[in-house]
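Student: Sequence:
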Amino acid sequence: MSDQIPEETHIRHCMLFEFRKGMKATEATKNICGVYGDVLDVRKCQRWFNKFRSGDLDLSDDHRSGRPEVLDNDLLRAEVESDPRLTIQELADKLNAKWSTVQNHLQQIGKVNRQGVWVPHQLSEDNKAQRRNICSSLITRHEREPFLHRIVTGDEKWVLYVNTTRKNQWLSRGQRPVPTARPGLHPRKVMLCVWWDIVGIIHFELLEPGQTITADLYCQQLDRLQQALIEKRPALVNRRGVILQHDNARPHSAKITQQKIRDLGWEVLPHPPYSPDIAPSDYHLFRSLQHFLSDKTFRDIDHVKTAMSEFFASKQASFYKQGIENLAQRWGIVLDNDGDYIID
Numbered sequence: 284m285s286d287q288i289p290e291e292t293h294i295r296h297c298m299l300f301e302f303r304k305g306m307k308a309t310e311a312t313k314n315i316c317g318v319y320g321d322v323l324d325v326r327k328c329q330r331w332f333n334k335f336r337s338g339d340l341d342l343s344d345d346h347r348s349g350r351p352e353v354l355d356n357d358l359l360r361a362e363v364e365s366d367p368r369l370t371i372q373e374l375a376d377k378l379n380a381k382w383s384t385v386q387n388h389l390q391q392i393g394k395v396n397r398q399g400v401w402v403p404h405q406l407s408e409d410n411k412a413q414r415r416n417i418c419s420s421l422i423t424r425h426e427r428e429p430f431l432h433r434i435v436t437g438d439e440k441w442v443l444y445v446n447t448t449r450k451n452q453w454l455s456r457g458q459r460p461v462p463t464a465r466p467g468l469h470p471r472k473v474m475l476c477v478w479w480d481i482v483g484i485i486h487f488e489l490l491e492p493g494q495t496i497t498a499d500l501y502c503q504q505l506d507r508l509q510q511a512l513i514e515k516r517p518a519l520v521n522r523r524g525v526i527l528q529h530d531n532a533r534p535h536s537a538k539i540t541q542q543k544i545r546d547l548g549w550e551v552l553p554h555p556p557y558s559p560d561i562a563p564s565d566y567h568l569f570r571s572l573q574h575f576l577s578d579k580t581f582r583d584i585d586h587v588k589t590a591m592s593e594f595f596a597s598k599q600a601s602f603y604k605q606g607i608e609n610l611a612q613r614w615g616i617v618l619d620n621d622g623d624y625i626i627d
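All residue numbers for the sequence shown refer to this note's numbering, where the first residue is 284 and numbers rise by one.
What the hints contain is simulated information worked out from the structure, not anything from laboratory work. Hints may contain errors.
Derived EDC-like pairs: lysine to aspartate or glutamate, alpha-carbon spacing no greater than 16 Å straight-line [claimed, not checked]:
| # | residue 1 | residue 2 |
| --- | --- | --- |
| 1 | K411 | E608 |
| 2 | K411 | D621 |
| 3 | K327 | E310 |
| 4 | K394 | E439 |
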């Protein structure tokens, strides 16, 4: 999608092109906005389509009395910044201005049209306060006695057998893009469970089909993680220095899990609810893994396991080091954001 707002005349040519293809106004609006962003209102497209149906294919402006040719940029900026989701047509209606006038003045004040981002959860004030308090305490502790080298972080991720990616295509005018099949509602997938630290991967496993994470299974996994730690990080285990970082999913916070962690002699790093933006697997490891998975197809679970091994081994030690060391910086950003999410 382009960041540049196209000229009004170009949008009108696009509407005429869609009309001649036999598209309905709603379909045409969707197609045009899919390319350029929120530049066209369906009601406006319907008006132009009605004009085209009458045989009038003139794309120039009709005279509209009472509509000023100029617009106060300060007034426009105030409207946009009070509600960034307003469409150009809605701004035009509010300011009694032409669509094209609003479009031109948006360019003058440096506004571009971009889609908003998804966030994991609508944080309440209590959620934000928890995030601030926990991040503040972790920063204070880290400044007093650095501990990032003691963190062992773990999480789960679904891995699809077929990882189809829809990509932009270079096309000639009027040429239809090559379609991409949408994944089914219940695609084949396998659950990846992985634990790592500042040095690299410590242990990972894939669940068998139909298997789900329960507190009992998670405790068994922690036993296997302990064995891997004894083999790969003996100094950390012998000093009883493991700090486990995981989220607040039920299997992780169950009573038997808490007792298992005490039996192992580990500490749990405080982690606020709904906070994947300060969980290293979410903001670092899984992002890179998702890029690796793009357009890959797997035959079976063994094929997935081989691919996971290759991916983890392909990452240099600096990759894992950066992922853990970024934690302290991200705690500070949460405080700067007054508890709100980090938008990467």
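Student: Hints first: check each against the structure and report whether it holds.
Tutor: Each hint, compared with the structure:
Note on K411 and E608: the hinted pairing is violated, with a Cα-Cα distance of about 23 Å set against a maximum of 16 Å. Between K411 and D621, the direct Cα distance comes to roughly 7 Å. Compliance with the 16 Å bound is thereby established for this hinted pair. The suggested pairing of K327 with E310 holds, with an alpha-carbon distance near 13 Å, which does not exceed 16 Å. With a CA separation close to 39 Å, the supplied pair K394 and E439 exceeds the 16 Å bound.
In this structure, the hints that do not hold are numbers 1, 4, in rising order.
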